[in-house]
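Protein chains in written order, with the working numbering: chain U, 314 to 743; chain P, 314 to 743; chain B, 314 to 743.
Please keep in mind that the hints were generated in silico from the structure rather than gathered at the bench.
Misleading hints may appear alongside valid ones.
No copy labels: a pair is met if it fits in one copy or bridges any two.
Within a straight-line C-alpha distance of at most 20 Å, the following computed EDC-like cross-link-like pairs (lysine to aspartate or glutamate) qualify [what the hints assert, rightly or not]: (1) Lys591 <-> Asp342; (2) Lys694 <-> Asp597; (3) Lys415 <-> Asp386; (4) Lys707 <-> Glu576; (5) Lys739 <-> Glu327; (6) Lys472 <-> Glu361; (7) Lys694 <-> Glu661; (8) Lys718 <-> Glu577; (9) Lys707 <-> Asp597; (10) Lys718 <-> Glu594; (11) Lys694 <-> Asp705; (12) Lys694 <-> Glu407; (13) Lys680 <-> Asp601; (14) Lys591 <-> Glu358; (15) Lys679 <-> Glu738; (16) Lys679 <-> Asp601; (17) Lys543 <-> Asp375; (18) Lys552 <-> Glu661; (19) Lys385 <-> Glu457; (20) Lys679 <-> Asp375; (21) Lys591 <-> Asp394; (22) Lys694 <-> Asp370; (23) Lys543 <-> Glu590.
Remember, predicted model here, so these are calculated numbers, not experimental data.
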Amino acid sequence: MTKVEGIDGCELFELMERLYPICRSITGDGVRHTLEILRQMVPLEVHEVPSGTQVLDWTVPDEWNIRDAWIKDSSGRRVVDFCESNLHVVNYSEPVRQRISKDELQQHLHSLPEHPDWIPYRTSYYARTWGFCLSENQRQELTEDEYEVCIDSHLAPGKLTYGELFLPGERSEEILFSSHICHPSLANDNLSGIVLAVFLARHLAGVPRRWSYRFLFAPGTIGAITWLAKNRETATRIKGGLTLVCLGDREGLTYKRTFAGNEEIDRIVKQALYDTEKSHEIIDFFPDGYDERQYNSPGFRLPIGSLMRGRHGQFPEYHTSADNLNFVSPDQLLASWECLHRIIFILENNQHYRNRFPYGEPQLGKKGVYQKIEAGNQELKLAILWVLNLADGKHSLLDTAERSKLPYRLIQNAADILLRQGLLEKLTPI
Amino acid sequence: MTKVEGIDGCELFELMERLYPICRSITGDGVRHTLEILRQMVPLEVHEVPSGTQVLDWTVPDEWNIRDAWIKDSSGRRVVDFCESNLHVVNYSEPVRQRISKDELQQHLHSLPEHPDWIPYRTSYYARTWGFCLSENQRQELTEDEYEVCIDSHLAPGKLTYGELFLPGERSEEILFSSHICHPSLANDNLSGIVLAVFLARHLAGVPRRWSYRFLFAPGTIGAITWLAKNRETATRIKGGLTLVCLGDREGLTYKRTFAGNEEIDRIVKQALYDTEKSHEIIDFFPDGYDERQYNSPGFRLPIGSLMRGRHGQFPEYHTSADNLNFVSPDQLLASWECLHRIIFILENNQHYRNRFPYGEPQLGKKGVYQKIEAGNQELKLAILWVLNLADGKHSLLDTAERSKLPYRLIQNAADILLRQGLLEKLTPI
Amino acid sequence: MTKVEGIDGCELFELMERLYPICRSITGDGVRHTLEILRQMVPLEVHEVPSGTQVLDWTVPDEWNIRDAWIKDSSGRRVVDFCESNLHVVNYSEPVRQRISKDELQQHLHSLPEHPDWIPYRTSYYARTWGFCLSENQRQELTEDEYEVCIDSHLAPGKLTYGELFLPGERSEEILFSSHICHPSLANDNLSGIVLAVFLARHLAGVPRRWSYRFLFAPGTIGAITWLAKNRETATRIKGGLTLVCLGDREGLTYKRTFAGNEEIDRIVKQALYDTEKSHEIIDFFPDGYDERQYNSPGFRLPIGSLMRGRHGQFPEYHTSADNLNFVSPDQLLASWECLHRIIFILENNQHYRNRFPYGEPQLGKKGVYQKIEAGNQELKLAILWVLNLADGKHSLLDTAERSKLPYRLIQNAADILLRQGLLEKLTPI
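Only chain U is shown next, with the shape it has when bound in the complex (with noise of 0.2 Å):
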């Protein structure tokens, strides 16, 4: 099994496999649950806001939680059932349970004509209603004059449930990861993208950090504008990050950029993909899709990109049963992973040197750089070259590697044996 920076993409594949059959909403004890089972990778610190609070321009809503739903005919089967899949509720629906005549029953189901095997995913957060999601061919199984409904939830004021781990680094400037924990039996979208979180966290933890990293683990939409609303201090400390959301899919990495697109993060993802991923897209940023949404918000302008496979809305299989695990393999869980860990690498080792020997080219025989260098090895001469041309105190290792069209890690070698072989001195950060 490859396994890339010590993680394989079957330990990622597996950590999905127990947060799937989890019914998840925007808050309850789903997500409880799968916040349990984060905490066993890494200490989350679990925060609960009462119903009713204030966020923003928000309120923060009843608590739902459900046990059973069904629909029956006649003779008492259960025609649609909960137990089979969560995705058969609408989530956030009311309790009901009544007999109900066909046609009545028709104004409370969903279903995907054009994909007749699928359960759509449907929601009704802020609107009470009831509604059941069913196949098509299910759909059209549904002969009898009355069924008999049951939704058993409970929707009453309680808590909105979110998870955050901070890693203070060096400095106090702060990364933001941002996964939203709120759909149920989805893969992709997005346990892929909590996965990759929680191990990218773990993985953090327990190295040095030049930066301070923060993990948030929250419901989309309302779990981002609760954090927000109660770390407005915190939030001017971030100078960059990501919502990580449907990673594990078969298509190439897409960075979506933040508002400005000219941030630093939004030039490191772009080295990133350049180094790990052939196929790849990188593009702007525009106010619908994820919680980027939120923290590009006008007052708030948080350089926040995001990474995604499938995009929002975009693929056949979004908000539909056939997210299911199928989707999502462990190679593109691992490429995802790989892609991640430039990133971080990027983050934490990008700096300013300076060439100790401005003056024309040193003379690197003598200094014994070429008997580091491998014979052959051109590449890694020609990033030699261009970290001793540009370290002129005005460029870093980015800008080198950017300007050079070779990849940071190279450049990033280059440095290091420059640095060893006392021709370059690192400045101090700015």
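Take the given structure of chain U and dock chains P and B to it, following the hints.
Leaving out everything else, chains P and B in the frame of chain U:
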């Protein structure tokens, strides 16, 4: 008949038909007659400037008028006849009446061998001469040894005439529309521009105006120069404008940028073209063409672009009898009208707004915004998110349209809804 | 024979023929002899710097000279003979004379299996060793068990030699042309560059000069470093320049930009290439190649680009015996000359002018401008309009050529006419 903003293409075309027969030049009764017809639509002020007046580096020339002109053969038959086409006489020809040998006559003839049916259009405003323009076919039929020629013109001190309409607005900054009015029976160049300008003037005269508008109907070059010479102070209030030329032919619209190239008018026309004309081109300023040359000269540098279809000197029918009423169509005139109307719409409406709930996204449901949107109108929903995100006081609605790549009207619609629902406030214009 | 600016391609080629047989290196009599021949054309100053002198981070090496070298077989026949090609000896080989087994000899041989007829060119300036270069075919014929080898070289403290010509101009700012002079019998690399530089120097010596010019004929790397070490103050006056290398082969011209990439020299060379060489390329600076590496090092950052045809290390004949006089042609040398001449023309003539009639267009007819233009020369008319429009004191003629996309000479011609007719005034250079 399709109408766009209350106008159909036939109305535009019919005014062209009325103006087509008149023999115009840079001075004389043809211009006066043309302005009289335009005055039936809008209260143009008619200015007359005496011959000999110094205007910038130029001098207003003598006035030219013509009653008749012909070439007669030995039988007395008019083989070339001004009454058939006013293009037959070189514009500004001095009077002549004489018998002349065929060879000598040839020195005074102009034809187009490559288009043997077409009569060219020629002028000689500043070098006194006389001449006839005729089709190559006609020329080939001149087989007699001698002809009688007559040009019954009058070239003497008089006046240069131009029309001007000023429509004051809330703001004293002016938008200038300028159309040259000196060409005889040529349809596209520039009755099309004149007709669109006068309809636009009539439209603007009847509505509240944020900006002031000025319309100029003047002979090419000397007319623009005369106006500039007499209006140096006024010119400083011009914040943008267009020369309107060749707007009826079959080509897509072309916009020629101002000297600076990134003025507000450049951006607005680009957006209007993007929104209304599938196939269009935008080209950089160059110091040839129509009166934008004068407005953009280094002493003035007025931000005046040029809107056209066929380009100055670039279509075969240019300055020939083939630029006739068959060469232009009501449909194309109407499409030009639509684009002009859109330009005005953006000019008048573009503003800066501030999002009153800039921290995170406001909860649009509870604010009644979603109720204002037809279900499924995803584009309007996206426009609303864009407007909220960019309403940070630094971005105008035009900025928002540009960045979102959505049509300006959709952005305006979103802003109007948000303003009504109390989510935006209009900033005092700078 | 076509002449360009008084020079034909054969003159250039003939000087290459004279210089071709000399065995040059980074020090020694080959360089002295070469400079002597160049001194017959221009009064070069010859500098000699003792071995052991510290220059920047480098030390001037011992001087190398060679009289003869060979490999003899058992019959005493020279199977490899320095007299046939000076490439046969590894440049800077220490002296050797001994019988040697074939196996041991192989350690000292260099050939090119992929080009079995070609002799490679190899050097070992800073690591003492000896060796022979030979064709792969010759190598295959070495079937005896033992050979006698002789390298009759002399490697001992001496001098490093380089030539320099300074041509003062009206202004003290300098333009530097630098050509490496250290290669033995290689034609393109770099007799072509040397020959073009010396012809350019002779041309400039004979004409009035706005800028000062400096020509440097020095061994690669160590020569440029030596000059920089001894001329730190002078270097600050260099406002631009070029390394001239590989200018005679069949490729189109390539310009390699300066470090900053948007210096005046970058813009001028781009324009000259646009005007003279249909098929050319412009590439970004990179810190490998020829002596532009040293000039653009962080301590100096001199705006020195590089003009070439075949690129450093990129053509198969590079550093082999196939880079001989057949590899270069008089025509390509002449085309390189034309481009260089155009670069000088722009450098010397580019100025800022002010339009004395900036309000509208001046009436060119009455100012006698049209009389200076051949009828039908529409391009010159357009150039005149461009010059008038951009002569606002903020734009140079080069700006005008760039913006108009017209050739620089046409723009200069237009400016000259306008200046003579009193429409322009030259601004005092900044």
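Taking the hints in turn, this is what the structure says about them:
| no. | hint | verdict |
| --- | --- | --- |
| 1 | Lys591 <-> Asp342 | neither (41 Å within a copy, 53 Å between copies) |
| 2 | Lys694 <-> Asp597 | between (35 Å within a copy, 18 Å between copies) |
| 3 | Lys415 <-> Asp386 | within (10 Å within a copy, 96 Å between copies) |
| 4 | Lys707 <-> Glu576 | both (17 Å within a copy, 18 Å between copies) |
| 5 | Lys739 <-> Glu327 | neither (42 Å within a copy, 53 Å between copies) |
| 6 | Lys472 <-> Glu361 | within (6 Å within a copy, 81 Å between copies) |
| 7 | Lys694 <-> Glu661 | neither (24 Å within a copy, 39 Å between copies) |
| 8 | Lys718 <-> Glu577 | within (17 Å within a copy, 25 Å between copies) |
| 9 | Lys707 <-> Asp597 | between (27 Å within a copy, 19 Å between copies) |
| 10 | Lys718 <-> Glu594 | both (17 Å within a copy, 19 Å between copies) |
| 11 | Lys694 <-> Asp705 | within (19 Å within a copy, 48 Å between copies) |
| 12 | Lys694 <-> Glu407 | neither (67 Å within a copy, 27 Å between copies) |
| 13 | Lys680 <-> Asp601 | between (54 Å within a copy, 19 Å between copies) |
| 14 | Lys591 <-> Glu358 | neither (37 Å within a copy, 55 Å between copies) |
| 15 | Lys679 <-> Glu738 | within (19 Å within a copy, 58 Å between copies) |
| 16 | Lys679 <-> Asp601 | between (57 Å within a copy, 19 Å between copies) |
| 17 | Lys543 <-> Asp375 | within (19 Å within a copy, 73 Å between copies) |
| 18 | Lys552 <-> Glu661 | within (13 Å within a copy, 39 Å between copies) |
| 19 | Lys385 <-> Glu457 | within (10 Å within a copy, 98 Å between copies) |
| 20 | Lys679 <-> Asp375 | between (73 Å within a copy, 16 Å between copies) |
| 21 | Lys591 <-> Asp394 | neither (43 Å within a copy, 51 Å between copies) |
| 22 | Lys694 <-> Asp370 | between (56 Å within a copy, 18 Å between copies) |
| 23 | Lys543 <-> Glu590 | neither (37 Å within a copy, 49 Å between copies) |
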